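Protein sequences, first through last, are from chains A and B. Residue numbering for the first sequence is 276 to 401, as defined by the numbering used here. Residue numbering for the second sequence is 276 to 401, as defined by the numbering used here.
No false leads were slipped in.
It does not matter which identical chain is meant; a pair holds if it fits inside one copy or across any two.
Straight-line C-alpha distance at most 25 Å; calculated BS3-like pairs for lysine-lysine: (1) K302 / K283; (2) K331 / K379; (3) K329 / K379; (4) K371 / K331; (5) K329 / K371; (6) K331 / K297.
Everything labelled a hint here was simulated from the structure, so no lab data went into it. Bear in mind that the values here come from a model prediction, so they are computed numbers and not experimental data.
Number of protein chains: 2
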Amino acid sequence: MLIGELSKRSGLTKDTIRFYEKQGYIKVGWRERRVNNYKEYSEAVLRRLLLFRKIKAYGFSLNEAAELIALIDAGAALCDTVAQVAHERIEAIEEKIRELTSLKALLQSGISSCPRRTDHCSLFDL
Amino acid sequence: MLIGELSKRSGLTKDTIRFYEKQGYIKVGWRERRVNNYKEYSEAVLRRLLLFRKIKAYGFSLNEAAELIALIDAGAALCDTVAQVAHERIEAIEEKIRELTSLKALLQSGISSCPRRTDHCSLFDL
DNA sequence: CTAAACCCTGGAGTATAGTCCATGGTGTAT
DNA sequence: ATACACCATGGACTATACTCCAGGGTTTAG
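Please work from the sequences and hints to get the whole structure.
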């Protein structure tokens, strides 16, 4: 299929697909050019793009997604390995949540310590 | 004071201070050059930098900090106004926390739905 | 024949907040 | 005299993940 169809079926824009190619996240064109120089994409490429989307939906970065896919390609995506990776991601998310929570608490305590009577708020006083 | 001292007293690197100047977050040098072209910074600039640090510590971006400082400069930093801004920030943080929490749940449900017996994890199957 | 709708490439721009570098001037101590 | 610390400027580079553009070729319908 050509890039337009691939774009529709993968849900990624043409630009994104070309970007992934440039970055080497998908390799293609690599022989599959039509006479007119148009690239012919295979179903395998489509599956790869869908996989990227799925993994990214879990909050992984493109690079992390690529690493996971390499693992899968290598047949090394054992449950334990994947669970391990997912756990690390969860911990990173939890850490981020903790940061945000304490930031929120900081703001709330700032607000609640405000006298609310003057015409100048002390929240940002040095 | 010269930039070296300002850097030490503000806790910001010289590069950061120069960056703030370039971006117009602080205006200086504006007459206060020594004969040798060295910039002379005032205590007012130091206070401004400390204010930026403080506001940024609350998780505001540089631009938001600049807006808040403009408010303060204008004498318009009423408690209600500031509380309003802080509330918006808190809501944004809460929204982010909700996103992260659901992402975490997604990952967790993915992991827990894993049979954990095969040599290929189904978590990332299409 | 021409317009619309595709395709190609390379490169620049977006956002954020700096960080680093080259090049060159200045000030102080030995 | 020279080393060393300090100052100045402008511009490039970092990370992430695209997004958009210019300039050009191709295909298809009317």
